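Participant: Turn these sequences into a full structure, and let the hints steer you where they fit.
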Amino acid sequence: MPGKIRLLTFLSNFNIGGTEKQVLYLLQNLDPERFDLHVACLRRYGPLLNLVEASGLPLSEYRIESLWKYTTIRQQLRFAHYIRRHRIDIVHSYGFYTNMFALFAARLAAAPLIVASIRDTGAYLTEMQRRAQRVACLMADRILVNADAVKKWLVDTGYCEDKITVIRNGIVFSNPPAPNIRNAVRREFGIPLDTPVVGVHSRLSPVKGINYLLLAAPEILAQFPETTFLIIGDDGLHNTYKQVLENQASLLGIRDRVIFTGFRLDVPALLSAVDISVMPSLTEGLSNSLLESMAASRAVVATRVGGNPEIVDEGRSGFLIPPKDPVAIAQAICRLIADPNLAKSFGRAGKERVLSRFSMTRSAQETERFYLDLVERAKLIRSRMRREKVA
Numbered sequence: 050m051p052g053k054i055r056l057l058t059f060l061s062n063f064n065i066g067g068t069e070k071q072v073l074y075l076l077q078n079l080d081p082e083r084f085d086l087h088v089a090c091l092r093r094y095g096p097l098l099n100l101v102e103a104s105g106l107p108l109s110e111y112r113i114e115s116l117w118k119y120t121t122i123r124q125q126l127r128f129a130h131y132i133r134r135h136r137i138d139i140v141h142s143y144g145f146y147t148n149m150f151a152l153f154a155a156r157l158a159a160a161p162l163i164v165a166s167i168r169d170t171g172a173y174l175t176e177m178q179r180r181a182q183r184v185a186c187l188m189a190d191r192i193l194v195n196a197d198a199v200k201k202w203l204v205d206t207g208y209c210e211d212k213i214t215v216i217r218n219g220i221v222f223s224n225p226p227a228p229n230i231r232n233a234v235r236r237e238f239g240i241p242l243d244t245p246v247v248g249v250h251s252r253l254s255p256v257k258g259i260n261y262l263l264l265a266a267p268e269i270l271a272q273f274p275e276t277t278f279l280i281i282g283d284d285g286l287h288n289t290y291k292q293v294l295e296n297q298a299s300l301l302g303i304r305d306r307v308i309f310t311g312f313r314l315d316v317p318a319l320l321s322a323v324d325i326s327v328m329p330s331l332t333e334g335l336s337n338s339l340l341e342s343m344a345a346s347r348a349v350v351a352t353r354v355g356g357n358p359e360i361v362d363e364g365r366s367g368f369l370i371p372p373k374d375p376v377a378i379a380q381a382i383c384r385l386i387a388d389p390n391l392a393k394s395f396g397r398a399g400k401e402r403v404l405s406r407f408s409m410t411r412s413a414q415e416t417e418r419f420y421l422d423l424v425e426r427a428k429l430i431r432s433r434m435r436r437e438k439v440a
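In our numbering, the protein residues as written are 50 to 440.
Don't read these hints as lab results, they were simulated from the structure. Hints may be right or wrong, so weigh each one.
To be verified - For each label pair, taking beta carbons as the anchor points, the in silico distance ranges come out as:
{"#": "1", "residue 1": "Thr120", "residue 2": "Asn229", "range": "48 to 58 angstroms"}
{"#": "2", "residue 1": "Leu429", "residue 2": "Asn224", "range": "20 to 30 angstroms"}
{"#": "3", "residue 1": "Leu391", "residue 2": "Thr120", "range": "53 to 63 angstroms"}
{"#": "4", "residue 1": "Arg92", "residue 2": "Thr289", "range": "29 to 39 angstroms"}
{"#": "5", "residue 1": "Ser223", "residue 2": "Ser394", "range": "35 to 45 angstroms"}
{"#": "6", "residue 1": "Ile122", "residue 2": "Leu300", "range": "46 to 56 angstroms"}
{"#": "7", "residue 1": "Gly364", "residue 2": "Asp80", "range": "31 to 41 angstroms"}
{"#": "8", "residue 1": "Ala427", "residue 2": "Glu295", "range": "44 to 54 angstroms"}
{"#": "9", "residue 1": "Leu300", "residue 2": "Thr410", "range": "40 to 50 angstroms"}
{"#": "10", "residue 1": "Glu295", "residue 2": "Thr410", "range": "22 to 32 angstroms"}
{"#": "11", "residue 1": "Arg304", "residue 2": "Asn229", "range": "37 to 47 angstroms"}
{"#": "12", "residue 1": "Glu82", "residue 2": "Arg431", "range": "15 to 25 angstroms"}
Stated by the list, open to error - Quick list of in silico lysine to any residue cross-link-like pairs, SDA-like style, CA-CA up to 25 angstroms:
{"#": "13", "residue 1": "Lys118", "residue 2": "Gln178"}
{"#": "14", "residue 1": "Lys118", "residue 2": "Phe153"}
{"#": "15", "residue 1": "Lys212", "residue 2": "Tyr173"}
{"#": "16", "residue 1": "Lys70", "residue 2": "Gly52"}
{"#": "17", "residue 1": "Lys200", "residue 2": "Asp211"}
{"#": "18", "residue 1": "Lys70", "residue 2": "Pro241"}
{"#": "19", "residue 1": "Lys212", "residue 2": "Pro161"}
{"#": "20", "residue 1": "Lys201", "residue 2": "Glu363"}
{"#": "21", "residue 1": "Lys291", "residue 2": "Gly311"}
{"#": "22", "residue 1": "Lys118", "residue 2": "Tyr94"}
{"#": "23", "residue 1": "Lys373", "residue 2": "Asp243"}
{"#": "24", "residue 1": "Lys53", "residue 2": "Arg411"}
{"#": "25", "residue 1": "Lys373", "residue 2": "Asp211"}
{"#": "26", "residue 1": "Lys201", "residue 2": "Tyr94"}
Predicted model only: the values in this text are computed from it and were never measured. C-beta: ideal position from N, C-alpha, C; glycine also.
Facilitator: Printed below as a string of structure tokens:
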């Protein structure tokens with residue numbers, strides 16, 4: 050397509066996750082007059098796959114069993130052939146497995162521009178995996194991250210600072226839920242209308258720290274016995290970690306106060322039934338769940354990890370607390386339950402902050418400029434090299 054930048058975005062799969070949602074929103078918001086979009090993945094599955102297929106974008110799959118098997122090389126060669134055949138201008142991969150798979154293949158295919166994205170501080174990786182990704186990223190022209198905290202971590206672990214660009218996440222602001230949706234959601238789960246509801250919405254994983262919220266719950270219930278805890282999400286596999294959390298709630302004697310909703314697509318509606326949203330993570334990049342809670346005018350309590358301090362204005366739009374600290378979680382939540390006006394003030398300030406700083410429109414515009422600048426710089430470099438060759 051003459052005049053368009055051929056951009057290929059590479060994801061692991063299409064499960065519900067912060068990165069996956071962020072990338073799909075971005076693809077929907079990039080200017081179609083400027084970009085010819087392609088999508089690739091390691092696994093063609095997940096709840097978000099329907100959105101990609103409905104968009105009509107070319108989608109290719111490179112299924113592998115392991116990064117370290119010889120059969121992976123065959124798939125990398127297939128991917129390199131796709132890059133050459135479609136004359137892809139920019140290959141952009143997201144996350145450890147796709148970075149490890151795609152960056153080498155893109156360099157092998159002599160892709161003009163290669164971008165790696167790293168969107169966390171490596172808590173999910175072994176030390177060997179961290180080192181392997183650092184080596185793989187030497188093949189990238191740029192590394193795109195979503196928080197200053199991620200950039201700092203990369204620089205501290207040996208990455209070249211000049212190659213790293215920060216573009217923070219953006220979210221799509223949904224229409225406010227209907228006035229009666231709060232009551233409807235509470236009726237669905239049998240929650241009295243005047244009961245304090247503390248919510249968490251995230252992928253269920255040990256690094257999300259939900260077990261520490263459960264440890265804090267007995268103290269919260271001692272002060273506010275009617276409090277209900279709403280856990281929104283699943284673990285994306287077989288709900289094995291959900292069972293761990295359910296067992297923990299039973300052992301703590303609070304199972305009747307904790308509701309596990311499982312996977313839901315109507316998160317904005319569920320958030321309308323929540324009074325306080327908690328993000329007790331042990332690690333984060335830039336949390337979409339936190340942004341969504343603040344956009345819904347919920348008071349938030351979040352751990353001081355990763356990019357959370359870049360989102361929450363401490364003492365104005367929420368409370369920041371240490372990770373792995375049930376006492377701090379309980380104190381912050383109890384303070385907000387005891388002072389509904391403070392919670393409402395936090396909610397208003399949080400929404401204003403997200404609207405002004407974290408819109409998807411802003412993120413898409415910054416990403417477009419990032420891609421266009423890459424292309425222009427590459428043209429200048431090639432032009433200079435041609436002149437030097439002639440001279």
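Participant: Give a verdict on every hint.
Facilitator: To see whether the hints hold, each was checked on the structure:
no. : hint                                   : verdict
1   : Thr120 with Asn229: 48 to 58 angstroms : 55 angstroms, holds
2   : Leu429 with Asn224: 20 to 30 angstroms : 44 angstroms, violated
3   : Leu391 with Thr120: 53 to 63 angstroms : 58 angstroms, holds
4   : Arg92 with Thr289: 29 to 39 angstroms  : 19 angstroms, violated
5   : Ser223 with Ser394: 35 to 45 angstroms : 23 angstroms, violated
6   : Ile122 with Leu300: 46 to 56 angstroms : 48 angstroms, holds
7   : Gly364 with Asp80: 31 to 41 angstroms  : 39 angstroms, holds
8   : Ala427 with Glu295: 44 to 54 angstroms : 53 angstroms, holds
9   : Leu300 with Thr410: 40 to 50 angstroms : 46 angstroms, holds
10  : Glu295 with Thr410: 22 to 32 angstroms : 40 angstroms, violated
11  : Arg304 with Asn229: 37 to 47 angstroms : 29 angstroms, violated
12  : Glu82 with Arg431: 15 to 25 angstroms  : 24 angstroms, holds
13  : Lys118 with Gln178                     : 16 angstroms, holds
14  : Lys118 with Phe153                     : 15 angstroms, holds
15  : Lys212 with Tyr173                     : 23 angstroms, holds
16  : Lys70 with Gly52                       : 28 angstroms, violated
17  : Lys200 with Asp211                     : 10 angstroms, holds
18  : Lys70 with Pro241                      : 33 angstroms, violated
19  : Lys212 with Pro161                     : 16 angstroms, holds
20  : Lys201 with Glu363                     : 21 angstroms, holds
21  : Lys291 with Gly311                     : 9 angstroms, holds
22  : Lys118 with Tyr94                      : 22 angstroms, holds
23  : Lys373 with Asp243                     : 30 angstroms, violated
24  : Lys53 with Arg411                      : 21 angstroms, holds
25  : Lys373 with Asp211                     : 34 angstroms, violated
26  : Lys201 with Tyr94                      : 33 angstroms, violated
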